[in-house]
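Number of protein chains: 2
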Amino acid sequence: MKAKVFVTFKEGVLDPQGKTIKNAIVSLGYEGVEDVRQGKYFEMTLDTLPKEKAENLIKEIAEKILANPIIEQFQYHIE
Amino acid sequence: MKAKVFVTFKEGVLDPQGKTIKNAIVSLGYEGVEDVRQGKYFEMTLDTLPKEKAENLIKEIAEKILANPIIEQFQYHIE
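Residue numbers (the numbering used here), protein chains in the order written: chain A, 1 to 79; chain B, 1 to 79.
One chain only, chain A, in its complex shape:
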């Protein structure tokens, strides 16, 4: 089983890294990009677990280890 977790800043939290990347894109002459937000991505290989157990495990790990819930939010997919 694979779990994919995406951690991004909450809306309203400044993202200077994303802004820098946006500026680099513009200064290299690419047109059409309005905004960039950077986040973290985790690919986890899990033992075979019932879907519900896997979801609870991933939620708990994301909340406690992968994301800082004060400024970050996360999404996940389990495959």
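For the record, the hints were derived by calculation from the structure and aren't laboratory data. Here the structure is a predicted model, which means the values were calculated and not measured.
As the list makes no split between identical chains, a pair holds if one copy fits it or if it spans any two.
Straight-line C-alpha distance at most 20 Å; calculated SDA-like pairs for lysine to any residue: (1) 19 <-> 65; (2) 10 <-> 74; (3) 59 <-> 77; (4) 22 <-> 40; (5) 19 <-> 45; (6) 22 <-> 47; (7) 40 <-> 78; (8) 22 <-> 38.
Since the structure of chain A is provided, determine the placement of chain B on it from the hints.
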């Protein structure tokens, strides 16, 4: 339009950050996680472009700016 880009190490490239997170998960007592790989995640807001143009733009930006093609690979979705 939104584009999501995921950058991960190519297979065979060591990922010490991922390994450290895996060890933290185990030492906190969670069972069922075999492996963790860390990557980067980018959410880009694009001007409205024809799908093909948007794909070419994202591919080029990912190859030239977001990923280091020697050790990293990327995937993207455009919505």
